Amino acid sequence: MRFKASVFGLAAVLLVAAPVALSQFRTEQLTEVGVTFIAILGLDVLVGHAGQISLGHGAFMAVGGYTTAILMADHGVRDLWTIPVAAAVAGAVGLVAGVTAVRLSGFSLALVTFGLAVAFPALVLRFDHFTGGAAGIELAGKPAQTGHGAGVVVLGRHLSNGDWGYGLTWTVAVACFLLVRWLLSSRFGRALRAVRDDERAAATSGISRAVAKVGALGVSAALAGTAGSLLAIDTAQVGPGTFSAELSLYLLAGAVVGFFCSVRGAIVGALLLQFLPDLARLLPHVGSREAGPATFVLGLAVVLVTLLLPPALRAGTAFARRAEARTE
Amino acid sequence: MTALVQHVASGVASGGIYGSLALAIVLIYRATGVINLAQGELATLSAFGCWTLVDHGWAFWPAFGATLALSFGGGVALHALLLQPLRNSPLLRSVLVTAGLALAVNGLDTWIWGGASRSFHGPFSASAVTAGGVALSKQDLGVAGVSLAAALVTGLLLVRTKLGLGLRAVVSPVEARFAGVRVGALAAVGWGLAAALGAVAGMLAAPSLQLDPNMMQRVLLYAFAAAALGGLLSPVGAVVGGIVLGVFLDLAGAYVHRIGGELRPATALAVLAGVLLLRPNGLLGGTAPERA
Amino acid sequence: MSLLELRDVHVRYGEIRALRGVTLSVELGDFVAILGANGAGKTTTLRAISGLVKTTGEVFLEGSKLFRRTPDGMARLGVAHVPEGRGTFTTLSVLDNLRLGAWTRRGTSTRDLAHVFELFPLLYERRERRAGTLSGGEQQMLAIGRVLMAKPILALLDEPSRGLEPVVVHELFEALRRINEGGTAIVLAEHKPALALGAARRAFVLENGRVAVGGDAADVRGHELLRVGPES
Numbered sequence: 000m001r002f003k004a005s006v007f008g009l010a011a012v013l014l015v016a017a018p019v020a021l022s023q024f025r026t027e028q029l030t031e032v033g034v035t036f037i038a039i040l041g042l043d044v045l046v047g048h049a050g051q052i053s054l055g056h057g058a059f060m061a062v063g064g065y066t067t068a069i070l071m072a073d074h075g076v077r078d079l080w081t082i083p084v085a086a087a088v089a090g091a092v093g094l095v096a097g098v099t100a101v102r103l104s105g106f107s108l109a110l111v112t113f114g115l116a117v118a119f120p121a122l123v124l125r126f127d128h129f130t131g132g133a134a135g136i137e138l139a140g141k142p143a144q145t146g147h148g149a150g151v152v153v154l155g156r157h158l159s160n161g162d163w164g165y166g167l168t169w170t171v172a173v174a175c176f177l178l179v180r181w182l183l184s185s186r187f188g189r190a191l192r193a194v195r196d197d198e199r200a201a202a203t204s205g206i207s208r209a210v211a212k213v214g215a216l217g218v219s220a221a222l223a224g225t226a227g228s229l230l231a232i233d234t235a236q237v238g239p240g241t242f243s244a245e246l247s248l249y250l251l252a253g254a255v256v257g258f259f260c261s262v263r264g265a266i267v268g269a270l271l272l273q274f275l276p277d278l279a280r281l282l283p284h285v286g287s288r289e290a291g292p293a294t295f296v297l298g299l300a301v302v303l304v305t306l307l308l309p310p311a312l313r314a315g316t317a318f319a320r321r322a323e324a325r326t327e
Numbered sequence: 000m001t002a003l004v005q006h007v008a009s010g011v012a013s014g015g016i017y018g019s020l021a022l023a024i025v026l027i028y029r030a031t032g033v034i035n036l037a038q039g040e041l042a043t044l045s046a047f048g049c050w051t052l053v054d055h056g057w058a059f060w061p062a063f064g065a066t067l068a069l070s071f072g073g074g075v076a077l078h079a080l081l082l083q084p085l086r087n088s089p090l091l092r093s094v095l096v097t098a099g100l101a102l103a104v105n106g107l108d109t110w111i112w113g114g115a116s117r118s119f120h121g122p123f124s125a126s127a128v129t130a131g132g133v134a135l136s137k138q139d140l141g142v143a144g145v146s147l148a149a150a151l152v153t154g155l156l157l158v159r160t161k162l163g164l165g166l167r168a169v170v171s172p173v174e175a176r177f178a179g180v181r182v183g184a185l186a187a188v189g190w191g192l193a194a195a196l197g198a199v200a201g202m203l204a205a206p207s208l209q210l211d212p213n214m215m216q217r218v219l220l221y222a223f224a225a226a227a228l229g230g231l232l233s234p235v236g237a238v239v240g241g242i243v244l245g246v247f248l249d250l251a252g253a254y255v256h257r258i259g260g261e262l263r264p265a266t267a268l269a270v271l272a273g274v275l276l277l278r279p280n281g282l283l284g285g286t287a288p289e290r291a
Numbered sequence: 000m001s002l003l004e005l006r007d008v009h010v011r012y013g014e015i016r017a018l019r020g021v022t023l024s025v026e027l028g029d030f031v032a033i034l035g036a037n038g039a040g041k042t043t044t045l046r047a048i049s050g051l052v053k054t055t056g057e058v059f060l061e062g063s064k065l066f067r068r069t070p071d072g073m074a075r076l077g078v079a080h081v082p083e084g085r086g087t088f089t090t091l092s093v094l095d096n097l098r099l100g101a102w103t104r105r106g107t108s109t110r111d112l113a114h115v116f117e118l119f120p121l122l123y124e125r126r127e128r129r130a131g132t133l134s135g136g137e138q139q140m141l142a143i144g145r146v147l148m149a150k151p152i153l154a155l156l157d158e159p160s161r162g163l164e165p166v167v168v169h170e171l172f173e174a175l176r177r178i179n180e181g182g183t184a185i186v187l188a189e190h191k192p193a194l195a196l197g198a199a200r201r202a203f204v205l206e207n208g209r210v211a212v213g214g215d216a217a218d219v220r221g222h223e224l225l226r227v228g229p230e231s
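So the protein sequences, as listed, match chains L, D and P. Those letters in the first sequence? Residues 0 to 327, by numbering that gives the first Met the number 0. Those letters in the second sequence? Residues 0 to 291, by numbering that gives the first Met the number 0. Those letters in the third sequence? Residues 0 to 231, by numbering that gives the first Met the number 0.
For the record, the hints were derived by calculation from the structure and aren't laboratory data. It is possible that part of the hints are untrue.
Derived Cβ-Cβ restraints for the label pairs, each shown as a range [unchecked claim]:
1. P:166 / D:76: 47 to 57 Å
2. D:273 / L:128: 22 to 32 Å
3. L:129 / D:1: 34 to 44 Å
4. L:132 / D:254: 23 to 33 Å
5. D:65 / L:79: 50 to 60 Å
Some chain P residues near chain D, calculated using beta-carbon distances under 7 Å [stated by the list, open to error]:
6. 74
7. 75
8. 80
9. 88
10. 103
Keep in mind that this is a model prediction, so the values were computed, not measured. Glycine included, every Cβ here is placed at the ideal spot set by N, Cα and C.
Model the full assembly from the supplied sequences, consistent with the hints where possible.
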């Protein structure tokens, strides 16, 4: 993932200029792009670099989002400080899920994470004394919210809520990006790629393979949790609809279409997820039901990308064609 | 006591649905080595198709039959379009393709029929039948009957026909080729059969679940758990696993206070994770399943 | 016209040239042994015939040149290939394995199955068991049983005696003789020359991917012993 300084510079300029140049609505959209970007980054680590598949990243986002919401609403913790906590909690859930991945082949992780994605929204409704149930948790105006909903003063300048959210999200996003880059170039990253390229390689020991798998899921989940936390802060609420079962599939689609390979991919995926409904409205016969066509096009894109682009997807031979053998 | 019997009966009915979908999953897994993540969505699509036919004046059972046939054809086509091109690629690709398919079908359903749920009038009335002092709903009996019949037909096909022998043989594709089996063609049939079974599950589930694009999401989770209980490679195990799971979930929901409606998916997830961790070969045990 | 003919067949595994121009022929009802040290190209030759590897050169079956060969296509043409792994369907029963042997044939009768069980009573005893639970020798018998069910015009066998006890090997070769008497041509790749030469009518010795010696089994035997030394 080499980045020329010019590209970096251009990106920085665009990032700063956007909220100034664009409307509030677009700024909010771009904020959401930042959130999605972080979540997809997490998927990139897991799927692209460790060759494992997760269909439950929406659930990890939900864990992060609800952690933040509960800390803010019930315990008065300032929103900023909830972010690392949310990441940690989501990461812990990921580690637990990772334990099931250790002994098993790739399908098992896919199935378990799918189960997480489906079961979590139901859990949210069930434990409504925690989660506010169907009504969700309102965060706007709460004391824990930086600026109390009236805007924030940063370095002497007054920012609207939307701009503050944008800045916070993208600052965290850049930090996450740098963190992931560092992680992937470290020993951990090498271990991940060893897992991806040959799960049964004699070269890497069983223990380091296990650690890599569990670690990948933990890191990946923590990133998703961070994204969920930011989403809660930006939109000032969470509810069962915020993190639906389909969200996980959308995230995976975003990651696939962004080719898994690099940050550029995650950006493409995040932008696509955000703006596809708008694009879909350009299609004829699409009335107010843009969700359907957008989803359809997204799914179709995943199918086509998977079918037509052999080198782009560094698909792991983690699912080797040979026997569904357990790893040890 | 009567309550217990009623719960078991409804558990068997739900279990029949889970078992049918699980059977579809196992068939595809054996045929192409892939877990079809879109199995649930395809079942939903079939249910919508059936609904449309009925809406246009068809009687239920002819619509049911037509939907089965169309679903079979759809399954064969999907295999040819999506799986065959990927047969020499790593399996991760095929799994991703099914994930994309799931999204696309879900989107298609919403696009064509809208996201609101609608009622689906099944063939079984909601009234009850009394046997031995216990009132059993006709719906439960009918669903159990049809799903078990479908499983039985599939089983007979697999065990007593040459086609079935071939379908069972493709779990070892290398050896199958040496025997002269056209693995690709049989895998296609496997996909068609699986799509038809999924359609059965969808059409049986729709009356009680209300038909909407996300209808089968939870059912798919239950089907995965059922298939895992059977060891992922056993058709019999999938059906038995489905019934066991259905009864277990209904009884747990009724008799353990904590496990209400909303904890059902989480319970199924616990079962799924537990089986995968502790008994990857399924509860039926035996030697490790190998898909060569 | 020979039943099977290979003309100047080359096979490469990446950088390695496994076969460097193999030319040999097999007649109808023939019994041919392919000998040579490990790595000489015996297995590769069989794989080349079945189309499991890409080849240059020509392969003719009953006089017609075969272009894109695949294992299942060859099976449908009447060429049965028993690979080193014996091709057992481990998750299926012995009975199903045998039935699969006859997959390419139009109609099979229970008489064919009975014939196999007559030859291998042990298989009858184990007929409902999962084939994966059989011992090596039993699986080899099962493989032979499948060949019998297939009634092919040509059977390719890759080191069937590997890992088997002498008594079992003797039974194995008896069965091969019977198959050959039934009209099936046999091509046998074997590591142990004496065994194979005892059963075969003709033989080819491969060395470094080429046919070094070829001819009647008796003549080759003379050569072989001179070169390699007595081996059982």
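Structure-based check of each hint:
Residue 166 (chain P) and residue 76 (chain D) have their C-beta atoms about 54 Å apart, which keeps the hinted 47 to 57 Å range intact. Between residue 273 (chain D) and residue 128 (chain L) the beta carbon distance is about 27 Å. The supplied range of 22 to 32 Å therefore holds. Checking the proposed 34 to 44 Å range against residue 129 (chain L) and residue 1 (chain D) shows it holds: the Cβ atoms sit about 37 Å from each other. Here the CB-CB span from residue 132 (chain L) to residue 254 (chain D) is close to 24 Å, well matched to the stated 23 to 33 Å.
For the pair residue 65 (chain D) and residue 79 (chain L), the supplied restraint of 50 to 60 Å holds, since their beta-carbon distance comes to about 59 Å. About 3 Å separates the beta-carbon of residue 74 (chain P) from the nearest beta-carbon of chain D, less than 7 Å, and the hint is met. Taken as an interface hint, residue 75 (chain P) checks out: its beta carbon lies about 5 Å from the nearest beta carbon of chain D, inside 7 Å. With its C-beta approaching chain D no nearer than about 5 Å, residue 80 (chain P) sits inside the 7 Å limit, and its interface hint holds.
At about 5 Å, the closest approach between the beta carbon of residue 88 (chain P) and any beta carbon in chain D falls short of 7 Å, and the interface hint on this residue holds. Given hint, residue 103 (chain P) at the interface with chain D, holds; its Cβ is 4 Å from that chain's nearest Cβ, closer than 7 Å.
In this structure, none of the earlier numbered hints is contradicted; all agree with it.
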